[in-house]
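Number of protein chains: 2
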Amino acid sequence: MKRRVFMKGAATAGVAGAAVAASTFSTPAIAKGKQKWIGVNTFGKAGLLGRAFDAFAKFVGEASEDRLSIKVYHAGELVKPFETFDAVQEGTAQIGLGAPYYWTGKSNAIQFVAGMPFGLNAQEQNGWLYQAGGLDMCNKVYNELGLQFLPCGNTGNQMGGWYNKEINTAADLDGLKFRMPGLGGEILKTFGVNVILLPGTEVLAALTSGAIDGTEWIGPVADRGKGLYKVAKYYYYPGWHEPATVLDCFINKKAFDGLDNSLRTIVEHAAAKTNLMLLSQFQALNNAAMDALINKEGVQLKTYSDELLQAIGKRATEVLPAIASKDKMSQELYDHLIAYRKTSVNWARLSEGAFIKAREYADL
Amino acid sequence: MKRRVFMKGAATAGVAGAAVAASTFSTPAIAKGKQKWIGVNTFGKAGLLGRAFDAFAKFVGEASEDRLSIKVYHAGELVKPFETFDAVQEGTAQIGLGAPYYWTGKSNAIQFVAGMPFGLNAQEQNGWLYQAGGLDMCNKVYNELGLQFLPCGNTGNQMGGWYNKEINTAADLDGLKFRMPGLGGEILKTFGVNVILLPGTEVLAALTSGAIDGTEWIGPVADRGKGLYKVAKYYYYPGWHEPATVLDCFINKKAFDGLDNSLRTIVEHAAAKTNLMLLSQFQALNNAAMDALINKEGVQLKTYSDELLQAIGKRATEVLPAIASKDKMSQELYDHLIAYRKTSVNWARLSEGAFIKAREYADL
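Heads up: the protein sequence lines correspond to chains A and B, in order.
Letter by letter, the first sequence follows residues 10 to 373 of my numbering.
Letter by letter, the second sequence follows residues 10 to 373 of my numbering.
The hints are simulated quantities; they were obtained by calculation from the structure and are not laboratory data.
There are no misleading hints in this set.
Identical copies look the same in the list; a pair holds intra-copy or inter-copy alike.
Lysine-lysine pairs mimicking DSS-like chemistry, simulated, CA-CA at most 30 Å apart:
{"hint": "1", "residue 1": "LYS366", "residue 2": "LYS186"}
{"hint": "2", "residue 1": "LYS351", "residue 2": "LYS242"}
{"hint": "3", "residue 1": "LYS67", "residue 2": "LYS235"}
{"hint": "4", "residue 1": "LYS198", "residue 2": "LYS366"}
{"hint": "5", "residue 1": "LYS67", "residue 2": "LYS43"}
{"hint": "6", "residue 1": "LYS323", "residue 2": "LYS115"}
{"hint": "7", "residue 1": "LYS263", "residue 2": "LYS54"}
{"hint": "8", "residue 1": "LYS305", "residue 2": "LYS351"}
{"hint": "9", "residue 1": "LYS235", "residue 2": "LYS351"}
Chain A with its partners taken away, still in its complex shape (with noise of 0.2 Å):
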C-alpha cells in the first residue's frame, strides 16, 4: 500500500520518464546506452551529506559524460527519510545514502557495518573495509537484501553527551533519560537508562522541556549547529558509544551488476572519494567547533572517569556478542570484525594514542 502511494508521488513530481528508464537498465540496449538512475538521500539537502549526495551525483555525470546520471531526491523529496533503503530495494531508486545502523529493522548484523561501541576508529574502518576483507563480508549482508554497499562518508570520532548533571560513577546513570540510538543505547540500558529514541529535529525540544536528561548527537561541529550547548551544561568526552560511524552507499544489486566495467569503477571511485571529503570534512570543522564551544559558548568540558568507562567496557564485554549470535550472518560479521579489532588495539596505542600525547610537548 505505502508503495503504491509512493509510485503514485513519483509519477506526480515528474520523474516517471527516469522511473521508466531506471526500470529496464540492465536490458543491454539501454547498458551501452545513457542510463538515468534515481538517488534517494536520508538525509537533508541543506546539510554536509546532502551536498556530499549532490557532489557524488555530479562527478558520475561528469567523469561518464552523462552515460550515467543520477536525480538526487534528497530527505522527504520523493520518499520519506528512512524509506529510501525500501525504495532501493524495491527498484524504485536505483541508489540510497544513509546509515548503516538505521536499517537494523531489516538485519541485525548490519548495524555493526555502522560501527561499534569501543570498536574500530575510521582510519582503522576504512583499513578494514578496503583492505582487511570488510568490504566483502559488510556486502554479503547488504547482497542477501539485493543491494550493493559502497562507504560514502564517515563522522569520525563523536562526543560522548550532554548533560545537566555531573556523571561521576555508574549510579549516576540509574534512571537517566537519555537519547541514544543503537548498540550504545542497548548497554546504558543494562545500566538503569533509560534510553530514548529521537529523531535529530526533536532533540533540542525534549532537552529544553525536561523530556529527557541528556543527550547524544554527533561531536562539536554537528552539535554547536544545534544548539545543545544552551540548554545542557556539561559536554562529555570521550565518545566510546560511536568512535566512528560509517555512512552507505546502497544500490539495486541487479542496477549495480547491470554496469558496465568503466561505469562501475566510477562510482566506487565516487564512493571511496565522498567517504574520504566527509570524514576530511567533520575532522575540519570538528577542530573549529571545539575551540568555539569551549572559548566562544563558555561549555564545560567534562571526560568520564576510569572508574564509569572501566563499568561501560565491561559491560560492552557482555552486550555485544550476545547482540552479535542472534543469527549466523551477525555472528560471522562480528567474529571478522573482533579479529581485525584485536591487532588494531595495540597498534594504535603505539602510534596515534602515543604520538597525541608527545605532540603537546611542542609548542608550534
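Given chain A's structure and the hints, the job is docking chain B onto it.
Leaving out everything else, chain B in the frame of chain A:
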C-alpha cells in the same frame, strides 16, 4: 646533458610515439580526442606504491574509456627515482608519484607538504588539505614549479626507529650515527646526532656493518619487510618525526590545464581514491605486522621517555620555525599549517586520544 641522455633512453624504450603525442596534448584537436600520458614513479614496481600507481592509471583509462591513458614507468624503468620530478617539470612525462620531501632541493617549502615533526596525523592532514584550504596553499608551491599537486597516498603514523642501545635521555643521542631524512633529522642534529642520509636499499647493510648505529624507516609492515629486526634490538615509539607522510601526485601544469572537465575530475578522483587506499593499506597491514614483530620476531618494544620527548619537542619549537623562515613561500605555508594544527591538538586529545585509551577497557 642529463636530459638529452634521458630522451635518447626514452626513444630506445619504445615510448617515442607516446612522447610525441604528449608533447602536443594542449592543442584542441588532441584535447578532444584520445590522449596518452607518460607516468613516472619514484617508487619501485613491486611494492604497495608501485601497485597503487598502476591501479591509478588503470582507473583513469577505464573511467574515461581511454580518452586519457597513462603508461606507467616505475622507478628506474625510464628515469632514475629522483629524476621523476624533473621529467614531469620538463614535460617529458606528464604525471609522477613521489613524496614531497624528496624535492626539498627544488623548494624549501615543499617539505612541509609531506608532513612535519609533531605536526598532523593522516586524518588531520586530509582535513587540512581537502577542507581547510591546504590543497590550494600547497599548489602555490607546486604551481611555481610548473606543476599541479594532488595528494595521492599517506603512510599514516610512522615508528620512532631502531637502535642497538637504549635511548633514555638526550645525552644518549650525542654522537649517535642515525639515519633520518628531512625535518626530523634537522632536529636530531641539534642533539649532536650524526645524521646520515641513505636510500632505503642501503639501510640494512649499513646497520649490519655498524656504519650507522640506528635508523628510522617507516612503520611495522615496511620495517619488517626490510628485516631491520634482525640487526637491531630495540624498536622505539612514537614516531614524533613523521606522524604521517603525504605522497604526492605531481602533474605537468600545462598537461593538467589542458584536460577537459570530465578528465580533470577523473584524475582528481583517482588521486583521492589512491590516497584513501594507501592509508588504509598501511593501517591494515601495520596492525598485523606490529603483532608479528612483537610476538613472532621477539622485538623489544620501547617508548621514548617523557623527558626525552619533552626535550625534542622543545627543540622542534625552535628548529621548525627557523626552517620555515628561510623564504616567503615557506613562511606562508607554515603559518597556514600551524594555524590549523593549533585547533587540531586539543580535539585530537579529546577524541582519538581519549578513545584509544578508553577502548582498552572493553575486552572484545
